[in-house]
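Number of protein chains: 2
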Amino acid sequence: MKKHNFNAGPSILSQYAIEETAKGVLDLNNSGLSILEISHRSKEFTAINDEASSLLRELLDVPQGYSILFLQGGASMQFCMVPYNLLNKKASYLDTGTWASKAIKEAKLFGEVVVVASSKDSNYNFIPKDYKIPADSDYFHITTNNTIFGTELKKDLDVSVPLVADASSDIMSRPMDVSKYALIYGGSQKNIGPSGTTFVIVRDDILGKVERPIPSMLKYSTHIAEQSLYNTPSCVALYSAMLNMRWLKNEGGVKAAYKRNIEKAELLYNEIERNKLFKSTIPNEEDRSIMNVVFIMNDDYKDKEEEFLKFAQGQGIVGIKGHRSVGGFRASIYNAMPLSSVQVLVNAMKDFEAKL
Amino acid sequence: MKKHNFNAGPSILSQYAIEETAKGVLDLNNSGLSILEISHRSKEFTAINDEASSLLRELLDVPQGYSILFLQGGASMQFCMVPYNLLNKKASYLDTGTWASKAIKEAKLFGEVVVVASSKDSNYNFIPKDYKIPADSDYFHITTNNTIFGTELKKDLDVSVPLVADASSDIMSRPMDVSKYALIYGGSQKNIGPSGTTFVIVRDDILGKVERPIPSMLKYSTHIAEQSLYNTPSCVALYSAMLNMRWLKNEGGVKAAYKRNIEKAELLYNEIERNKLFKSTIPNEEDRSIMNVVFIMNDDYKDKEEEFLKFAQGQGIVGIKGHRSVGGFRASIYNAMPLSSVQVLVNAMKDFEAKL
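Chains as they are written, first to last, in the working numbering: chain A, 1091 to 1446; chain B, 1091 to 1446.
Careful: at least some of the hints might be erroneous.
Since copy identity is lost for identical chains, a pair holds within one copy or between any two.
[As the list claims (entries may be wrong)] Straight-line C-alpha distance at most 27 Å; calculated BS3-like pairs for lysine-lysine:
id, residue 1, residue 2
1, Lys1133, Lys1309
2, Lys1093, Lys1394
3, Lys1299, Lys1195
4, Lys1309, Lys1180
5, Lys1198, Lys1299
6, Lys1392, Lys1133
7, Lys1179, Lys1219
8, Lys1394, Lys1133
9, Lys1309, Lys1192
10, Lys1133, Lys1400
11, Lys1192, Lys1133
12, Lys1198, Lys1219
13, Lys1244, Lys1192
14, Lys1133, Lys1411
15, Lys1245, Lys1349
16, Lys1113, Lys1093
Derived by calculation from the structure, the hints in this document are not laboratory data.
Note that the coordinates shown come from a computational prediction; the quantities given were computed from them, not determined experimentally.
Using the sequences provided together with the hints, build the complete structure.
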């Protein structure tokens, strides 16, 4: 039976990326070698690395003056790399969830950290909007989409200090004005590719301003100088990410993806509103993520949670169990998720309501 | 035409690992999902992570009291993680090549580094044996195999301070007495699997002794506590490494691999000695690597280098161009390289000699 993969990440990828990766594992472009065993210094892999970087630049319309990197270690490694490279004295952070608070924890090892606002007291069910960023902050750090809690900051902020964003889970879901950011990073395992590669988009002129010694591997300039090939990358993961970005481009790019994402999110949020069994955990519509739709059972039906999970599973729906911090359900509907799969979930919700 | 892959890394893997990885990319064990898109928290992936760890423990006969980790960032990231976690005041290093000297460079950011001996002045063509390790060293760091220069330290040293080894390019090539080491690490892209995963074998009691704050991702104890799943790993790379270790076990494990490796290395070194065109760059036989066989043209035939490379290419031989630091040729004959491919190379050397 066809599976509808609503996992939060690693998550659904395009069938094109999956099939072409499998071919490349057996024989990369008729080279007689597997992508698992070719040298990262070969002309074949250099072409893959270049195409991945060009596709990211094109898809996000990255301006001149920014470098694009593919590293390892995920957003978790960036939580320390960002302050290592950028925090001289003081940095400001917006605390909108588990990942933001992990980023805050790491930054504190490097200097003063001002948490300008937090929605922790209400289990992160909204994005704070009223706050003041100290003008002497080396940077202001945001998490654009909160995978666990299902909130999203859907616009590019105008702030007076360098803006740094963890965009792991909504990169390429909507057109973004990259010029408003000093640095954007994320794990690739949502909209870009499989796990194992980490993207960083960094404005070159913000680097080189801290005085602490930085280990080579943790220094952005090391990787910029070597076009991400200072050390051996996760070749197969990057190949697969490149293929998936190629697919996205062929599907009309980020603008077209955004249109589809809005349509999918509306279909699902509308059903959550309509269906008497379910409700959203995010009161403010404007804060609701179009990538991770978090919802719970209405109070009268709390005991039906397990039953609904099983019912959905019977329809081939996987990965909708909510994170333990919220409970209930989470449907991650990343770029590669087709509307038809969201419709299957919506139908399951309707059918389950009808049979109660 | 079948390719004989002598690349230094990423490098040849078993056909079993390649074919099974391709299947898992299309559909992992009939789960209906690709290894590229399953959650790293799923029971399917937990089983893969557990099997990889158990296989490494079994293949290297790792004693109790040691943890096994699969991380990201390769040996290059370990060059800073080792001193971050272990260097309090002073560490000693043996300088046997490019990778050792990179490790030394990173360690210097964390404390006093004593280079007990170096073969740099003779372009790293031997492994120094006469040196004294300061008794107050927090650890002594060696590089067991020097991929670029083709030298190898083929025994487990007895030293009086904790022994740390970068074994990226000879791990699992010979039985190793792990109990003599405090920490062994390496990129996996030689004998273990594809690039994208990094192994660490660490004796638990050497941790927790430094006072500096360590970012979570760079702290071994973070990853030990979470069985390498503190953050999302490179799932497909780890899957493929697990498959390749499963293959090695089925082939008789490390002891049987060692026997094959000796046979392959002897075949090739003997031909280098016999053939009038070629010579080894390593005068001392005991120092010659059984993983990376480095050789050059004899002085009278220096101008035939390109011609031999082309001739070999015509026989399906790839990846034997030497590293620019040494020139000439390098044949990497890792565990997955069959004797028959080494024979193809030896035949090419004979045939080329005959036709001159």
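Could you work out which of the previously given hints the structure breaks and list their numbers from low to high? none
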